[in-house]
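Protein chains in written order, with our numbering: chain A, 1 to 311; chain B, 1 to 129.
One thing to keep in mind: the hints can contain errors.
[Stated by the list, open to error] The list that follows gives simulated cross-link-like pairs (lysine-lysine, DSS-like), each with its CA atoms no further than 27 Å apart: (1) B:Lys29 to A:Lys129; (2) B:Lys29 to A:Lys43; (3) B:Lys59 to B:Lys29; (4) A:Lys46 to A:Lys105; (5) A:Lys105 to A:Lys127; (6) A:Lys105 to A:Lys129; (7) A:Lys43 to B:Lys73; (8) A:Lys129 to B:Lys73; (9) A:Lys127 to B:Lys73; (10) A:Lys46 to B:Lys73; (11) A:Lys127 to B:Lys29; (12) B:Lys59 to B:Lys73; (13) B:Lys59 to A:Lys127.
Keep in mind that the hints were calculated from the coordinates and are not lab data.
Quantities reported herein were computed from a predicted structural model and do not represent experimental measurements.
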Amino acid sequence: MAMPQAQSSTESLPTSVDLAEEYRASGVAEVLDELDRELVGLKPVKRRIRETAALLLVERARRAMGLTHEAPSLHMSFTGNPGTGKTTVALRMANLLHRLGYIRKGHLVSVTRDDLVGQYIGHTAPKTKEILKKAMGGVLFIDEAYYLYRPDNERDYGQEAIEILLQVMENNRDDLVVILAGYADRMDRFFESNPGFRSRIAHHIDFPDYDDGELLSIAESMLSRQGYRFDAKATAVMGEYIARRRRQPHFANARSIRNALDRARLRQANRLFEETVGSVDAEQLSTITARDISASRVFSMGEPNHPETSS
Amino acid sequence: MRITQGCFSFLPDLTDEQITAQVEYCLGKGWAIGVEHTDDPHPRNTYWEMWGNPMFDLKDAKGVMMELEDCRKAHPQDYIRLNAFDSSRGLETVTMSFIVNRPDNEPNLRMSRTESRGRNQRYAWETQR
């Protein structure tokens, strides 16, 4: 019974596949262009994503032509400092994999340790399974994954969650993609103590820190998305701010910039409220001036090497 | 005796592929799926035992199929059904329900008569194994 079916399906198979056409038809180009346009910097990350997309396209073409194919394992780990865009890229990745037909639904379920690990015996397994069920057909993004494993407490339930995760990552490879994210050094230690994870994750992508220029253009694009802009002097002050902020503790790349901008908007609102007499126009309402930024604590705090003189 | 309850029960048993497609349909409508099982298919036995909580917020049928697989493993000789719950305002009820697992030997439903006051006949159905 199976033979005639198999034959008829071989007959209808194409003998050649136009990769460029496939590329256009899948809508991957849009996602990749969007990635290039909207995400500043992150060169190595973008390159890896392009490579992954190419691999999946070729894989799809092979399948269309009836060549032997095996679904590649796409579990990934994103390592990098805070605020380097790991979550944002994971969201894009889900969309991309969906367009390429690798996952069925293309949604992203973002979780941390609390969502997976229970508080008493027998609580962890159902909790983890619940999350996994929700993530089926999409991408499961585990932020700060190293917290799952606590070597100092041998009765910690994290280990149980890890075991379930590993099992699903192995058995349901075509149902979901797991992305682990976290700081590079701690992830390395996590992988060392959980060799099962290391061997099941094929793609390790490292997110580099942004340089000052990149952060400045991120700041500008964040502002324009909110309908604000810097005036000429403010741009220069923001550049200075970024350079100073980087040398201070708890610097979190783009996240620090976002917080700085939020505070600048606060000061701008305050300034308008206190100083303007009469009516304000749209121009004033959407301009961040140098004063809004230079009032930041970052400028008044002395630096360890050369003390600041400004107040 | 083949029990006919819920959707599709006059059709041949659904394959897993067909069940998946039905679940996809339900999820597409925004319904939550619950897995329930029982050994007593009496029509008046409305409350079957729940296999875990109903699954809200699922995006893909695979999650349901995993639960169904577990339930089948634990109760291979039970009736298992999937209930689709529509939570939208004013409905808030099960809108679709179908049997996805049957025991090898299905029980019979037997009609019994009893005499009551004034030579009245009372009829009842009972599950007979």
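Here's how the hints hold up against the structure:
Note on lysine 29 of chain B and lysine 129 of chain A: the hinted pairing holds, with a Cα-Cα distance of about 23 Å set against a maximum of 27 Å. A distance of roughly 41 Å separates the Cα atoms of lysine 29 of chain B and lysine 43 of chain A; the hinted pair therefore is violated under the 27 Å criterion. Annotation: proposed proximity of lysine 59 of chain B to lysine 29 of chain B holds, straight-line Cα distance about 11 Å (limit 27 Å). Between lysine 46 of chain A and lysine 105 of chain A the CA atoms are separated by roughly 23 Å; this keeps the pair inside 27 Å, and the hint holds.
A hinted pair counts as satisfied when its Cα atoms are at most 27 Å apart, and lysine 105 of chain A with lysine 127 of chain A qualifies at roughly 22 Å. For a cut-off of 27 Å, the pair hint linking lysine 105 of chain A to lysine 129 of chain A stands: about 18 Å separates their Cα positions. For the hint linking lysine 43 of chain A to lysine 73 of chain B, the alpha-carbon distance of about 49 Å lies beyond 27 Å, and the restraint is violated. Between lysine 129 of chain A and lysine 73 of chain B the CA atoms are separated by roughly 17 Å; this keeps the pair inside 27 Å, and the hint holds.
For the hint pairing lysine 127 of chain A with lysine 73 of chain B, the CA-to-CA distance comes to about 20 Å; that is within 27 Å, so the pair holds. With a C-alpha separation of about 44 Å, the suggested pairing of lysine 46 of chain A with lysine 73 of chain B is violated against the 27 Å cut-off. Between lysine 127 of chain A and lysine 29 of chain B the alpha-carbon distance is near 25 Å, which keeps this suggested pair within the 27 Å criterion. Proximity of lysine 59 of chain B to lysine 73 of chain B is assessed by CA-CA distance (about 24 Å); at most 27 Å being required, the pair is judged to hold.
Between lysine 59 of chain B and lysine 127 of chain A the CA atoms are separated by roughly 17 Å; this keeps the pair inside 27 Å, and the hint holds.
Violation of the numbered hints given earlier is confined to hints 2, 7 and 10; the remaining hints are satisfied by the structure.
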